[in-house]
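Kindly generate the complete structure, drawing on both the sequences and the hints.
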Amino acid sequence: MKMYEIIMGVVLLVVSVALVILTLCQHSRGQGLSGALTGGANGMGAGASSREDQMLARWTMIAGVVLFVVAIVACAVFSRLA
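Position one of the sequence shown corresponds to residue 91 (this note's numbering), numbered consecutively onward.
Source of the hints: derived by calculation from the structure; they are not laboratory data. Do not rely on the hints blindly, as some may be mistaken.
[To be verified] Per label pair, the in silico range of CB-to-CB distance:
#1 Ile152 x Gly99: 18 to 24 Å
#2 Arg141 x Ala164: 32 to 38 Å
#3 Ser118 x Val155: 21 to 27 Å
#4 Arg170 x Ser140: 42 to 48 Å
#5 Gln116 x Phe168: 29 to 35 Å
#6 Val104 x Ala147: 19 to 25 Å
#7 Ala108 x Ser140: 19 to 25 Å
#8 Glu95 x Gln144: 32 to 38 Å
#9 Leu114 x Arg141: 16 to 22 Å
#10 Glu142 x Val104: 20 to 26 Å
Glycine residues also receive a C-beta, built at the ideal position from the N, C-alpha and C atoms.
What follows is the structure, encoded as structure tokens:
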């Protein structure tokens with residue numbers, strides 16, 4: 091295994107764990123999928139999110155984009171090497 095393969099694997103692992111942790115730290119809004127299917131109360135107009143919730147959402151989105159980009163780059167690089 092070459093050094094860049096190890097680095098890409100570690101980056102993917104760290105970003106994916108960070109994405110899971112950031113997702114679990116967020117507060118749930120509404121009842122989720124079960125509320126949508128059964129016609130439960132919607133979360134619209136439930137009040138503005140706090141600044142911390144907005145920051146968590148932003149960091150979660152950034153981590154998701156980074157995970158997506160690194161995975162695509164890893165697939166492209168490793169497919170050319172094989």
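Quick rundown of the hints versus the structure:
| no. | hint | result |
| --- | --- | --- |
| 1 | Ile152 x Gly99: 18 to 24 Å | holds (20 Å) |
| 2 | Arg141 x Ala164: 32 to 38 Å | holds (34 Å) |
| 3 | Ser118 x Val155: 21 to 27 Å | holds (22 Å) |
| 4 | Arg170 x Ser140: 42 to 48 Å | holds (46 Å) |
| 5 | Gln116 x Phe168: 29 to 35 Å | holds (32 Å) |
| 6 | Val104 x Ala147: 19 to 25 Å | holds (20 Å) |
| 7 | Ala108 x Ser140: 19 to 25 Å | holds (21 Å) |
| 8 | Glu95 x Gln144: 32 to 38 Å | holds (37 Å) |
| 9 | Leu114 x Arg141: 16 to 22 Å | holds (19 Å) |
| 10 | Glu142 x Val104: 20 to 26 Å | holds (23 Å) |
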